[in-house]
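Place chain L on chain Y using the hints.
Protein sequences, first through last, are from chains Y and L.
First residue of the first sequence: 5, per the working numbering; consecutive thereafter.
First residue of the second sequence: 5, per the working numbering; consecutive thereafter.
Don't read these hints as lab results, they were simulated from the structure.
It cannot be assumed that every hint is accurate.
[Stated by the list, open to error] To give an idea of the chain L side of the interface with chain Y (calculated C-beta under 10 angstroms), a few residues: (1) Gly38; (2) Leu72; (3) Ala82; (4) Phe98; (5) Val109.
The structure presented is a predicted model; accordingly, all values stated were derived computationally and were not measured.
Ideal placement from N, C-alpha and C gives every residue a C-beta, glycine not left out.
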Amino acid sequence: MGQVLFVVWRESVEALLVIGILFTWIVGRPDSRRWLPWLWGGVALGLAGAVALGLVILFAGEVLSESAQTLFQTGLMLLACALIVQMVVWMRRHGRTLKREMHTALESEVGRSHGWGVLLLAAIAVVREGSETVVFLYGIGQHLVLFEFVLATVAGLALAGLTFVLLQLGGKYVSWRWFFRVTEVLLLLLGAAMLMSAVDNLLSLEILPAVVDPLWDSSAFINDGTAAGGLIASFTGYRAYPALTSLLIYLAYWALVIVLMRLPRAERKPVQA
Amino acid sequence: MRAATAALGLAAVLLSGMAHADDLHTVSLEMNDGKFVPVRLEVPAGVKFKIVVRNVGKTAAEFESLPLRKEKVLAPGAESFVVVHPLRPGEYGFFDDFHQEAQGVVVAK
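Next comes chain Y alone, as it looks inside the complex (with noise of 0.2 angstroms):
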């Protein structure tokens, strides 16, 4: 029982991550209060997906092709990164307006297109190895009596509340500003995690070309190829053997992200009467 727990917890520890840092960002003001609804609307749009494509992979798995199974999850992994710097840069130029901005015309639009980011990146964030959980729970549960199962689902629960609760103290603890800055990296790092996987997934199906395959080989340093250095890898992007066209990327999202958060905040025009 245990071992379902862990593997419970480490499949969605990134989706905990995910929502746990976009429930504080929303709640840490409470202009931004609005968004509940949409984050949870998102995980649960989240939840009836993972339970659907777990259930697909279960009993029809062979009617979608390996290949078209990968870019499914390719594109949602790029959606997911997209989403991600879009939110964080987002929060940066917005955090600190938003005040403002409830008086304006722009509210009702900037709004409603927020949510939706907010929504989708939730859904996806749960979608991505909710379905492996549902896989899994479903293999675990034929052969477990239907007690310890539950209660195996309900300490799942319990997990992801104290993650919760973990970021809520993070955020009284420490000042707003520097836990905000802590929490925007980790999800910028999870970003570069995604993206390094999506690209994984263009190179295997030959969408993108390696070029330079392996550029180097640091397995004695983190091995990706053992469980331990596999969770490592898919919270940062780290490649023990990287292909030259992963680290280029790489370095573009990194570069990518830093000239967007350095851009100047938008100006805002005044409401002509």
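Frame of chain Y, contents of chain L only:
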């Protein structure tokens, strides 16, 4: 017009990938509730190859390897395959994400 060309190009990539899958050097791997059989797969270096993965256990398994750039979830009893890019000589690890004690290695010579 451009979208159509892009779609055709993508289709060509996907179809060509599928067409070649049959002539590839193939090795087999069994996943059994946290045990790999065999633990060590030997493949020729420098050529694309295929690993046919079978889950003969009673619980779901996930073949995962970042060095090989492959990840595959397999329900109990399911069989599938992954096509791996040409490898330089060396050892490349893989594991079962749902049974972390299971650790294997692909040796390219």
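Each hint tested on the structure:
Taking 10 angstroms as the C-beta cut-off, the interface hint given for Gly38(L) holds, the closest approach to chain Y being about 9 angstroms. Contact between Leu72(L) and chain Y, as hinted, is supported at the beta carbon level, the nearest pair being about 8 angstroms apart and thus within 10 angstroms. Because the smallest distance between the Cβ of Ala82(L) and any Cβ of chain Y comes to about 6 angstroms, under 10 angstroms, the interface hint for this residue holds. With its C-beta approaching chain Y no nearer than about 6 angstroms, Phe98(L) sits inside the 10 angstroms limit, and its interface hint holds.
The interface hint given for Val109(L) holds, since its Cβ lies 7 angstroms from the closest Cβ of chain Y, which is under the 10 angstroms cut-off.
This entry satisfies every hint, going by the numbered hints stated previously.
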